[in-house]
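Novice: Final position of the sequence shown in numbering that gives the first Met the number 0 is 184; the numbers increase by one with none missing.
No lab work stands behind these hints: they were computed from the structure.
Bear in mind that the values here come from a model prediction, so they are computed numbers and not experimental data.
Hints may be right or wrong, so weigh each one.
[To be verified] 20 Å max Cα-Cα, derived SDA-like pairs, lysine to any residue:
{"hint": "1", "residue 1": "86", "residue 2": "134"}
{"hint": "2", "residue 1": "134", "residue 2": "168"}
{"hint": "3", "residue 1": "134", "residue 2": "172"}
{"hint": "4", "residue 1": "168", "residue 2": "94"}
[As the list claims (entries may be wrong)] Distance ranges between label pairs, derived from CB positions:
{"hint": "5", "residue 1": "106", "residue 2": "82", "range": "30 to 36 Å"}
{"hint": "6", "residue 1": "151", "residue 2": "79", "range": "27 to 33 Å"}
{"hint": "7", "residue 1": "114", "residue 2": "8", "range": "55 to 61 Å"}
For every residue, glycine included, the Cβ atom is placed at its ideal position computed from N, Cα and C.
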Amino acid sequence: MSDDDVSFDELFPGVTPLTGANKASQRVSLAAGSNTGDQARFQIRREGAETFQVPPDDSQSMLPAEAEMGLSCLSYRMPGIQLKRFKRLKTGKLPVQDRLDLHGMTVPQATRTLDAFIASAQDQGLSQVLIIHGKGHHNPSNEAVLKTHTANYLLQLPAVLAYHSALQKDGGLGALYVLLRKVVA
């Protein structure tokens, strides 16, 4: 039996397919109801995006194990961020407005530097930056300590809306494109 020979009932048990008359009335009722509540749904999404915080205990579970971090692609998108904008970020189509290189820093130095860099970028009205953290290949234990720390730390900053590992030309898996919240004056 090929995939084409499987019946609708076998693929979707308990679901009744719409018939010709039902399809038309269903489309009309869905279309008629699509405008109702748009403002309420928009407001709920906006409030969720503005108040979203990653619990400190959960941030580790969103990332690969530290031993695998050097070769892992990192990606984060806050709920409410448009998928189209995120896709442009991760494909390198949003212009990098500033960059920071964390190579050779300790974790405390990187934390202070990240704080200052993000604050400065927001003060300048920048929304897309590049953070170069490295892959951990120069670390004696070969662990991506700065990469792990940077990814976890950025999740905790309210200014960070999204990030994604950079394209090879911008540092590849050793760098992140970061989308920042615009500061309303």
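Novice: The structure should be examined with respect to each hint, and the outcome stated for every one.
Specialist: Results of checking the hints against the structure:
A threshold of 20 Å between alpha carbons decides the hint, and for residue 86 with residue 134 the separation of about 23 Å lies outside it, so the pair is violated. With a CA separation close to 15 Å, the supplied pair residue 134 and residue 168 stays within the 20 Å bound. Restraint check for residue 134 and residue 172: satisfied, since their Cα atoms lie roughly 7 Å apart, inside the 20 Å limit. For the suggested pair residue 168 and residue 94, the alpha carbons sit about 13 Å apart, so the restraint of at most 20 Å is met.
Remark: the range hint 30 to 36 Å for residue 106 to residue 82 is upheld by a beta-carbon distance near 33 Å. A C-beta distance of roughly 21 Å is found between residue 151 and residue 79, which places it outside the suggested range of 27 to 33 Å. In this structure the supplied range 55 to 61 Å holds for residue 114 paired with residue 8, their Cβ-Cβ distance being about 58 Å.
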